[in-house]
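One-letter residues, chain by chain:
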Amino acid sequence: MSEKDAQAFLVRVESDADLRAQLIELSGALDLEPLVRLAMDKGYDCDESSLRSAWRKRRRLKEVVAAAKRR
Amino acid sequence: MTAEGSKTSTFADIVTLIDPVAAKCLPASALQALGPIASRLPPIPCGGFEFSLLDNAPIVDLMQCHMLDERGRQRLATFIESDARAKGQPWKWLADLIDGDVTGLHCVWLEFDADAGPHAPPAIFLEFDRINPPHSDRLLDLVADIPLAAKANKVSAVREVMDLLPGDTHVSHLGAMFSRPDTPMRVNIKRLKSHQLENFLKRLGLEVPSFEGSRLLERAYRGTICLDYLDGWLPRFGIEYSFTSWPQREAGWRELGELVAQGRIDPAKWQAFLGWAGVISPLDSLSEWPSSCILDELCHPGPARSIIECGPSHIKATFDPTGLQSLKGYVGFRPALLLPDNSSIPGDAPQPRPLTGKRTLDRAIASGVDFLLAERTQDGLWRDFNFGNLASDEWVSGYIGAHLAELRNDDGRHAALQAWHILRERREQGAGWGYHRATPPDADSTAWIIILARRLGLDTEPQVSANMPFMAQHLDRHGAAATYSEAVLERIDHRLPNTRAHRQWCKAHAEVTASAALAGLEPAMQNLIGSQGPDGSWPSFWIETDAYATGVACEALAHAAAPEAGHCIESAARWAIAHVDRAGIGAFERSWLLRIALHDDRFHDDQKVHEAMRVLLREQRADGSWDADCAMLVPVMDARCEREQTAVALDIHRNFTTATVIGTMDRARRCVSALQSA
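First to last, the sequence lines map onto chains A and B.
Sequential numbering of the first sequence, starting at 1, is according to our numbering.
Sequential numbering of the second sequence, starting at 1, is according to our numbering.
Note that these hints are calculated values from the structure, not bench results.
You may find that some hints are simply not true.
What the hints assert, rightly or not - Label pairs and their computed distance ranges (CB to CB):
#1 Leu286(B) / Lys4(A): 37 to 47 Å
#2 Asn389(B) / Gln22(A): 41 to 51 Å
#3 Asp168(B) / Leu19(A): 36 to 46 Å
#4 Pro181(B) / Ala17(A): 31 to 41 Å
#5 Ala21(A) / Asn132(B): 27 to 37 Å
Said to hold, decoys possible - Covered, in the sense of this in silico footprint (three residues per stretch, anywhere, with C-beta under 8 Å from a C-beta of chain B), are these stretches of chain A:
#6 29-37
#7 49-63
All values derive from a computational prediction rather than experimental measurement.
In this text, a Cβ means the ideal position worked out from N, Cα and C, and glycines have one as well.
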């Protein structure tokens, strides 16, 4: 289970509209299991913990970018 | 608190997540008491708390909202199925309800009384669809299915209410308090107007003075009537009132609360209510962010950051025959997505259906009108801008009504007429109108309200002729109009502060001269002819773009007999066509530029006109509105009253911009044949 794979999956989600369309089917889920399954189906070896951690890191990066744009 | 990496599994985790806001406002003991209840519920980050504003009682009630889209129904059904305590008739009824036909239902609120204990069933409220609430038969069927004690009487009571509701008034919520064996029923009603309350209560047989309630309905942005039925209507009614769109709020509700509570509001509770404001980001704590919010962010087609917004929602004043019985504050939190421009949209909730099919002018105007009709206050005026925590109602209603009155749209014209009827009665004859009912009268607001009346064909109404002298008092000897007249303000004993900034409010400005001319003051018309800039524009002072002053000036000059007026309009149209494709302009400015250009036949087939119209069509939001684009600029002094500065207030309700755009589209539809089928 790798956070690197989770990161790669999240990067792909941001740029792949088809993948996002599949994600919409999962929206509203109260845990990340369906997201993990989708990532695994796409060949990314990750679990809920690595996905959460990767998501938080990407989120932190987004905050930095947003703050820089505001300046 | 849940550590990063473990599972966020209950509503209690959400409550922990919003602790940065909650801990400032709610007593720790109250939050602790709610813990066992919250830990039963699923981790859906949408809910709120209710507490008294009148005393320091620590009782706080907890609410959770379940949307009734497909995923919301699934989540609620899973909870009911899996929770060992969610058994018994109420839960079975709710499970059957969400498994069946939910037409006309928007969401379900579960409300837990903290003092009823963690095992007591909640009160369950059905919130109905705002645009298409259920019709009478459907509503009665829904009531008949609820496991209520003495059900037949309660069904009859709802039928009685339905029969008494006038016009577009409708039942917005039905609630059943299941923690009591006699299951009191709550019926909430929206859109009842202030002048209808007394008669409505009387016809229901409720002997409760309605004066204070009417005042709340008249002055708040929105108000909901709450009635309780047990073995008859209980001798009391509640008014839930709010100001502006959530989560932004203006300060008017304190004033209204004081009006009915007369010094009884507990200052600490009021601070708690107002302090319930903020944005929670996943980076604010180590707690797990709700999975539904993470998915929401990932699904969004553009850049967006998931947040939880906290804000005060509404206040509920309950009256019985002795007067005010209680005053409660409701605060809430909900998931949202923060967009790159720092605006936010609701998250984890059904979005308005995107506009589909070919965008035509007819459809765009019709959905814009629908938006404006839905945005009206309880009594039928519009509100917009938020200068000094005070939204304009009179000026804005004159402007929006004047735009609707010109449309070939019966609903729009009817709404404009309703607004005129309210404004006509608002102030003494000939006393003018103002930015808001509480602000002194000014020439610009008065002009727009007279323009509204004239466009409705009501030139002969006494309030029109009586206000022409009021406006004339704001003209200087050259015919230029100022917003405020020092002489008038002195006479009515309503002077402005004596500062450099406020003195500018009494100087003549082109857009006020233009609105005075459009309202029919001939000297103002003459002034416009002589004051046009060499580039063809007139300068705006109060509004950020010169397109506004120039546009209103052209509207006025189009009615002028003098041949110079025609030359002025041609010159303005050339100026407008040169600017209409400028990069970075928004819908308000583009609309006024387009409207100016349309005064000149030679530009009707200009590609820039057609492209500008396409952009406007493209920019319409799913709810029929356009993004707020009108910036009002107001000179004010800084807090220490030392330096002059400019306060900027946007039309946050989007009413002002939307009215402007649909007015321009209607004009285009009428005068450009190629656009009639666009």
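Evaluation of the provided hints:
{"no.": "1", "hint": "Leu286(B) / Lys4(A): 37 to 47 Å", "verdict": "violated, 22 Å"}
{"no.": "2", "hint": "Asn389(B) / Gln22(A): 41 to 51 Å", "verdict": "holds, 45 Å"}
{"no.": "3", "hint": "Asp168(B) / Leu19(A): 36 to 46 Å", "verdict": "holds, 44 Å"}
{"no.": "4", "hint": "Pro181(B) / Ala17(A): 31 to 41 Å", "verdict": "violated, 54 Å"}
{"no.": "5", "hint": "Ala21(A) / Asn132(B): 27 to 37 Å", "verdict": "holds, 28 Å"}
{"no.": "6", "hint": "29-37", "verdict": "holds (count 5)"}
{"no.": "7", "hint": "49-63", "verdict": "holds (count 9)"}
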